[in-house]
Amino acid sequence: MSFLTINGVSKSFGGLQALRDISFDVEQQEVVGLMGANGAGKTTLFSLIAGHSRPSLGSIHFKGRPIAALRPDHICRQGIARTFQIVRPFANMTVLDNVIVGALYGVRQERSTARAAASAMDILADLNLANRADDPASSLTLSGQKRLEIARALATGPELLMLDEVMAGLTATEVSELLDSIRRIKRRMSLTILMVEHVMQALMRLSDRVMVLHHGELIAQGKPQEIVADPKVIAAYLGPST
Amino acid sequence: MVDKLVGKLNALAVLNNNALGETHMLKKALLALAIGSGLLLPGTADAADPVKVGFAVAKTGLFAGAADGQIKIYELWKDQVNARGGLDVKGVKRPVELVYYDDQSDAGKVVQIYEKLITGDKVDLLLAPYGTSSHIAAAGVVERYKFPMVGNTAASVKLREIKPGNIWFTTGQMPDRLAVSLVELFKLKGIKSIALLANQLPFSLESKTYLVPALTKAGIEVKVSEEYPPSIKDMTAMLINVKQANPDAVVAFSFPSDSAIYLKQARELGIDAKFQFVEVGPTEAAFAKQFGEALNGIVTMGHWTPDNKQWTGARALFDSYVQKYNEPPSYLNAPLVYMSCQILEQAVAKVGLDRDAIRKTIATDTFDTVNGPVKFEGIENVGTPAGLLQIQGGNMTLIWPPSIATADFKPKPAWPAK
Amino acid sequence: MSTLFSGQLLFAALVVGSIYVLIALGLNLVFGTMRLLDAAHGDIVMLGAYTSFWLFTLSGMSPLLSMLVAGALSAGFGAAIYYGLFRRLLANTQLSQRLEGNSLLLFFGISIILQNVAALCFDTTPRAYTYLDGIIRFGNVAMTGNRIAVLIIAAVLCAAAFLFLRFHIYGLAIKALIQHRQAAAVVGVNIERIQLLSFAIGFGLAGLAGSLLSMTEQITPFMGFPFTVAGFVTVILGGLGNLTRGMAAGMFLGFVEIYGVALTSPSLHSVLIYGVFIVVLFLQSQGLLGRRPS
Amino acid sequence: MQPVPIRTSLIFVAVIGAASFLPQFGSEYVVAVALSFAMWVALAQSWTVLCGMTGYGSFGHAAFYGMGAYVQVLTWGTLSPWLSVPLAGLVSCLFALAAGYPALKVRGPYFVMLTFGLAEFLKFSIIGIEATLGQFSRLIIGAPSPNALYLAMLGLAAAATLITYVVSNSRFGYGLRAIREEEQAAETIGIPVARYKLTAFGLSAFIPGMVGAVMAMRLSYFEPSQAFDALISFNIVVMAMIGGSDDARGPLLGALFLIGLSELLWARAPQVYMIVLGALLVFFVLFAPQGLAKQLFGGARRRAT
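Chains as they are written, first to last, in my numbering: chain V, 1 to 242; chain L, 1 to 418; chain W, 1 to 294; chain D, 1 to 305.
So that you can see chain V by itself, here it is in the shape it has in the complex (with noise of 0.2 Å):
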């Protein structure tokens, strides 16, 4: 039995179909990373598994448990964690104020506040983010806003992770920056991750392995050296090559 398992899932709205039977595995501890062009299902998927949506055909297992029917709640209780690719902070509370509410809930359900401060605490010095503690999440950088958002995400305590775009939009040293911090919190709390990604330098730089999403519809799955050389992907990227 797998960690993560997605068996046939369609996903459509109205008569747009966004996803076409999915399926794959995610083993624990692995990285998995998603990419695939704009509106080719990533965030759908994501969505799906998280609970904010339903799939229209199709299962998910977590842990041998199906999930399809749960609430997003219940999800993130059951040890999964996501971030936005849209950063969605709580603007009007303090930075760490942001990442204790995560470890009140999620799967550590922690009953102090004490506690999860503290625990909270750590998890913002990975991120590099314990300098900011105190200042409301809105006056945080885009940069600082999406480490925030896995900042609080990994406060709940998952077991896996689903990062959503979280490179876009930042300079190449942030991105160095952040790979080392996803890296370091992986190996410590032994994450499963699973990414969407367009910066392809933290796909090939994480990733055990990569899948392709095109059109809803997965068209190749590997390691990332073979995706990149996958002509199919190149033709999905590219348009049809001659």
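Read the hints as simulated data drawn from the structure, not as lab findings.
Quick caveat: nothing in here was measured; it's all calculated off a predicted structure.
A portion of the hints provided could be inaccurate.
[Claimed, not checked] Computed beta-carbon distance windows for the label pairs:
#1 I152/W <-> L142/V: 54 to 60 Å
#2 D408/L <-> F282/W: 55 to 61 Å
#3 K105/D <-> N131/V: 38 to 44 Å
#4 L16/V <-> F282/W: 24 to 30 Å
#5 K324/L <-> F297/D: 29 to 35 Å
#6 I136/W <-> K105/D: 45 to 51 Å
#7 Q182/W <-> E27/V: 39 to 45 Å
#8 Y101/D <-> L16/V: 31 to 37 Å
#9 I152/W <-> F297/D: 54 to 60 Å
For glycine and all other residues, C-beta sits at the position ideal for the given N, C-alpha and C.
Position chains L, W and D relative to chain V; hints supplied.
Below, chains L, W and D without anything else, positioned relative to chain V:
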């Protein structure tokens, strides 16, 4: 300490009374100086020492529109008394000073204000707030402090549940008595069937509750009976039913805003019953301006007219009101309010400002007012009958009961077409 | 049952509905273009009514004429408070985060101010005058001249508004702005000017409606609030920001008010109106309109 | 939840203790003002539990107040008034839960209007019911003394303040604030959003129900159009708004400020008072949207250490 602070605030808040003028301010200052230097013993009444009369008014909120006439009468009364040299306090004339606060039409504020007037401002006399709910709220306060107050703009059979002793009501229009008056007149005028419309507010519903059994007893058929909430904006559907039923009389137990709707649309639809009763509103100046001739023949409730020669001061009240405010007073509320002032004035003239004596006097004496003699039994004025007014040729006339009427009921003429 | 087919009832529904249409149109413009909830809209109606009342009483000016004055004054007032208050609100990112909620409170404050300034200036006595109240008959339907005037003028104004939005360059710009703010800016719509225009038109229509009402209703400083409520009910029925459906919804509400009562009982009047309001809000929340202010 | 700081709890106990002796040394009028202050504190605090924290603004809290008053007059004479008060709270709370279940799916300004609509709907329904029952207004004869009512109201204000304080500093409070900031994100980190909103709604209706029940005795008169007056809802919002903040300080400051202002102004110039009130509302929205609490105590900073 808190008391002192609030005392100061109160002192600040007492309304400046411009009407009393500068000389009075000077006297007051001298008086204060005199008290301060121990020349005068506190508590000694001086002729210059004003009599403070306190009350709550609805300057804002739900009743603000309706309560305006009440304040105008209070002001008029004060001016008249002061023009006569002051309020006769057992032979000593003292100027009247009004102390009033806005109650925002909120019964909770009314309670607070009367407590403030009694304990903070230490007023000598109290006048009434506006409306039944405010009166009931104030009744609790005057009862606790044993402070006599004559109420005016309230009418409800519920008032009889209030413990009598410190509050009285000048109205003769208790809903049960109004019902009797209406049915008597119906019988006299040969009315066999009516249509009944009632706003779902307390007074109108009470009126309905007492009218229906009285009609049954008199053998008058109720052809249409409808109730509507206070927020009604259009009565077409109801009035079409009324027109089809073609009753001898229409009784609309309505409040000013819906009375206006009734008049507008009954005229439009041509409801031609010869007897059309509209409960609250037609006595107000705005109705005369809005409806003009169309008001002719409409019957409404009220037991006063300036034309009754037996009532001393009735015509004078009308004239002085018109002179001061440039519009006629409400035939319904103005006399009620003015009577309450007169009763207080006469009691004070007789026994001074002692509350026990005032209470005893009001409870037992008969008072001569602009609306005839007033006599209280319990909280209720039994000296004034439930009356009916009719607009005839643009004038408000008193048509019922015969004992005080100045004209006879005339069948309502057709609505003016213009 | 025959009551239901009475022309009288139809006429009543049309008159009530046409006033709602005018009021809701202004409310909708201000919301659609700026996402502002104008809780003082009924008070502009009140100011319009007083304008016509005083002009009639003091100089005998016909309300049919003075409605232009009332409309212009209200429009000017709208422009003034747009410049004075709302440009600031719209420009402040912190405030525009919860724009609808904040604007509701802001307008509520303005509403309190207007009501009490009116009470202070004109006192609270109900005012009224008589104008065009001759009765005109069409078959067995009787109506006063002023109500016919209300209906005709409202219909003309609605048609004008409809044509303006459909064909005039500014009207199209308003619609563009309602549909997509960023896109409108990109295609060169001067957003600020359009917002100013929406304020002026919205308030102007409310002032005009007030003038019309002054012929048939008693005027008090507090007369506006029920119209604000009716306006909101209408706008919610039609969908916030949806101008044409909002106009239809105003008529619909007029018909609910008249025929709903005729079919059931007058005692259910308000329960019916608020019932429709609640149900529509519930239904819309399930679908497109439950979006969170962003 | 974190332990309550000793200083805060001492101040709280001292203020409540001192206030409960007010009838002994203050005049009746002072007690009357204090009662109305306590009433607004209790109402505004309750409002804050739902609206300040979750951002779901209610313009319909008059419904809970009115329900409470209605329960009191209905049970008057059959039930001890002091039993009716908690019963009134319970009924209001149940009503909130029933209405909140569908209503809380509606967001933003739609929720604001919906709460207003629900309150008006309830008001007119009760007017209709009372008319059908042939009861057009109800009198309460023999109510407890004003001092007893004052103490009861003080207790409610204290309880409401305590609830807001506890909720604000609890895990539950964190959850509610997260819902206010970003509902979907809150759900994603494991907060049971629907249940939390409903709980907050129920909680915020409980005390207003009891306040209504006490005020019915104070006014000794019940009429639906007054007990359910929309003005009550508006006043609560204005107080909470001017007070600002999502913890127990805001409503206290808002109520204090407005009662003080009204004592100073309302009596001498009622319309001017209302105009100033409107102007203040405009001012606070534009220049101090986070209210007095933020102006006095700085940002919404809170460290849970």
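Hint check results:
1. I152/W <-> L142/V: 54 to 60 Å: The hint (54 to 60 Å, Cβ to Cβ) holds, given that I152/W and L142/V are roughly 57 Å apart.
2. D408/L <-> F282/W: 55 to 61 Å: holds, 59 Å
3. K105/D <-> N131/V: 38 to 44 Å: holds, 40 Å
4. L16/V <-> F282/W: 24 to 30 Å: holds, 27 Å
5. K324/L <-> F297/D: 29 to 35 Å: The hinted range 29 to 35 Å is violated for K324/L and F297/D, with Cβ atoms some 53 Å apart.
6. I136/W <-> K105/D: 45 to 51 Å: holds, 50 Å
7. Q182/W <-> E27/V: 39 to 45 Å: Hint holds: Cβ distance 43 Å, inside 39 to 45 Å.
8. Y101/D <-> L16/V: 31 to 37 Å: The hinted range 31 to 37 Å holds for Y101/D and L16/V, with Cβ atoms some 32 Å apart.
9. I152/W <-> F297/D: 54 to 60 Å: holds, 59 Å
Of the numbered hints listed earlier, the single one contradicted by the structure is hint 5.
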